[in-house]
Amino acid sequence: AEVPAANNAIVTVTDQNNNTFIFTEENNSGIYKTTSFIPEIDQEYTLTIQYNGEIYVGSEQLKSVTPIEYVEQNNNGGFSGEDIEIKAYYNDPANEPNFYLYQFDTDIAVIPTYEVYDDEFTDGNQIFAFFTEEDLEAGDEVIIKNYGISEQYYNFMFLLLQQTTDNSGGPFETQPATVRGNCINITKPDNYPLGYFRVSQANQYNYTVN
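For any residue, its number in the working numbering is found by taking its place in the sequence shown, counting from 1, and adding 1293.
Possibly wrong hints are sitting among the right ones.
Claimed, not checked - Computed Cβ-Cβ distance ranges for the label pairs, DEER-style: (1) Thr1480 <-> Thr1501: 48 to 56 Å; (2) Glu1362 <-> Ile1334: 17 to 25 Å; (3) Ser1329 <-> Gln1497: 18 to 26 Å; (4) Glu1408 <-> Thr1480: 31 to 39 Å; (5) Asn1484 <-> Thr1313: 22 to 30 Å; (6) Ala1302 <-> Asn1367: 40 to 48 Å; (7) Asn1310 <-> Asp1376: 47 to 55 Å; (8) Thr1471 <-> Glu1362: 36 to 44 Å.
These are computed hints drawn from the structure, not numbers from a lab. The beta-carbon is built from N, C-alpha and C at its ideal position, and this holds for glycine as well.
Using the sequences and the hints given, assemble the complete structure.
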């Protein structure tokens, strides 16, 4: 079932210097946007949502991201040896923990494919994010987005993706076990929200399949 939009909420984001940015709803869509918010790397931001008489709060630090350097294609992948595989290469910064969210968009799937990566065993190396889709063919465009994420968000998405690997409904269907995000309900703690407040630097690479 489709989740109804949260209309007429009051949505703000506050930075470490107590500057507050107001997010305004677009046409009763449940989507709230602002044009004045210019986040800074390593700053912490706090989301506050007032909705139906309850207040929800979540905080996150903006993480930088490493750009995608280049993309390689393999036409002999998969169990059949006939699937197209895409590898997006990036250079991991050395001597610091880094976490990444990759999003792959195509015209084939309604829901994007998500993958998360850490650098525990690849610190400072050139590594790649991996994508394959059995219906990919020459001429298709793959939009690859890379986001810098916190360790907490990495753990959240890792669990979420682990639970949805064998399901066809994608990461937004009802989960067998609740994966808690970083937002809390300070009015009624038992009525906790689902989802996660993430602040990321992003990088995009558009790739056309050969």
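Evaluated hints:
The hinted range of 48 to 56 Å is satisfied by Thr1480 and Thr1501, whose Cβ atoms lie roughly 49 Å apart. Between Glu1362 and Ile1334, the C-beta spacing of about 20 Å keeps the proposed range 17 to 25 Å intact. Remark: the range hint 18 to 26 Å for Ser1329 to Gln1497 is upheld by a beta-carbon distance near 23 Å. Glu1408 and Thr1480 have their C-beta atoms about 36 Å apart, which keeps the hinted 31 to 39 Å range intact.
Distance hint check: the CB atoms of Asn1484 and Thr1313 are about 25 Å apart, consistent with the given range 22 to 30 Å. The hinted range of 40 to 48 Å is satisfied by Ala1302 and Asn1367, whose Cβ atoms lie roughly 46 Å apart. Between Asn1310 and Asp1376 the beta carbon distance is about 50 Å. The supplied range of 47 to 55 Å therefore holds. In this structure, Thr1471 and Glu1362 meet the distance hint of 36 to 44 Å, their C-beta atoms being roughly 38 Å apart.
In this structure, none of the earlier numbered hints is contradicted; all agree with it.
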